[in-house]
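*Asks:* Sequence:
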Amino acid sequence: MLYSLGDKVITKKKHPCGGDVWTIVRWGADVKIKCDKCGRVVLMPLETFRKSVKIQQGKD
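Residue 12 in this note's numbering is what sits at position 32 of the sequence shown, and the numbering runs on without skipping anything.
Because the hints were derived from the structure by calculation, they are not lab data.
Note that this is a predicted model, so its numbers are computed, not measured.
Any given hint could be a false lead.
Unchecked claim - No farther apart than 25 Å at their CA atoms in a straight line, the calculated lysine to aspartate or glutamate pairs in the DMTMM-like style are these: (1) K(-6) with D16; (2) K34 with D0; (3) K14 with D0.
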């Protein structure tokens, strides 16, 4: 699946705030995503990101 900046993704596990929708802020060897509910930013390796994403939503 192809991703780009600004895409919304849904993760398999919920964030502690209860949100599971994230926006991709940075893309490369590491991926930075921002929780749409609380605004928390998380940086993770690309492979971890691919394993944790359930589906991709359309852009808003």
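*Asks:* Does each hint hold? Answer for all of them.
*Replies:* Taking the hints in turn, this is what the structure says about them:
no.	hint	in the structure
1	K(-6) with D16	12 Å, holds
2	K34 with D0	10 Å, holds
3	K14 with D0	10 Å, holds
The structure is consistent with each of the numbered hints, conforming to all of them.
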